[in-house]
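Going down the list, the sequences are from chains A and B. Taking the numbering used here, I'd label the letters of the first sequence as residues 1 to 118. Taking the numbering used here, I'd label the letters of the second sequence as residues 1 to 140.
What the hints contain is simulated information worked out from the structure, not anything from laboratory work. Where a beta carbon is used, it is the ideal one built from N, C-alpha and C, also for glycine. You may find that some hints are simply not true.
Unchecked claim - A few chain B residues that face chain A, going by a derived Cβ cut-off under 10 Å, partial list only:
| id | residue |
| --- | --- |
| 1 | 14 |
| 2 | 43 |
| 3 | 100 |
| 4 | 103 |
| 5 | 104 |
| 6 | 107 |
| 7 | 115 |
| 8 | 116 |
Unchecked claim - Calculated cross-link-like contacts (lysine-lysine; reagent style BS3-like; alpha-carbon spacing at most 27 Å):
| id | chain 1 | residue 1 | chain 2 | residue 2 |
| --- | --- | --- | --- | --- |
| 9 | A | 75 | B | 10 |
| 10 | A | 90 | A | 17 |
| 11 | B | 11 | A | 67 |
| 12 | A | 17 | B | 10 |
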Amino acid sequence: MDYSVQQLPDATLIDIKGRIDHKSAKDFEEALKSHLGEDQTGALVLDLEELEYMTSAGLRVLMIAAKTLAGQQRKLAVAALQPLIAEIFKISRFDLVLKIYPTVEEALQALSPGAEEG
Amino acid sequence: MLQIQRPAEKKSLDELLHFVSARAADRGFSPNRVREVELAVEESLVNILTYAYPQSSGDVQIRCENDEERLVLAIQDHGVPFDPLSLPVPDMLAELASRQVGGLGVFFVRTMTDLVEYRREGDCNVLTLTFGRTTPAAGG
């Protein structure tokens, strides 16, 4: 699993590539950890266009991140899901845990401060 | 009949998953379906590591049955009696604040397979996963 971070005015965008399995779930947790601080504001958006595989260990990390961010009134969003990832999010009703967008652009647009609550 | 046996530990996951994805590819499964197979097997193996060998170690064996159309995998371990199908599925409609953090592994095994069966045979747990060519939810 590889990742890169882009700090935008109202959001942190993390581009995640590769696979999140039971071995790399710890790396995924580390990648998100520094953006879950109480001193931070803005949405956290994950670009998953190049994420090919995710197990329940990855969903577990996302669930904890979503709960943490909700406590700070911050949003967690994912965008550009590949078919397998879209499928596991759908069947586990992760649409109730975080926001899902077809593209990063739409995610950033929807989460910008001026946008209406979706 | 093809099979693989390795110590039941995280280090073995790559080899075991490579074995099953090769068997799926042999049968002409699509790349997406191959990943679904890997996912179901990985979730099953992690549960074996956690619950069948909680304080001991042992091997896990995966046998690929001689079915040309479907992929039938028998995953066997010598751990404590452990039926993964008895693990509760979390309430996925719960509100975020009260939603359970884990527990989705077995749910993925059920949804990715056409059939999943467990039996205890002597001192072995045997979990048999059957995969058809298309994702069950797609109506295949």
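task: Hints the structure violates: just list their numbers, smallest first.
output: When the structure is compared with the hints, numbers 7, 8, 9, 11 turn out to be violated.
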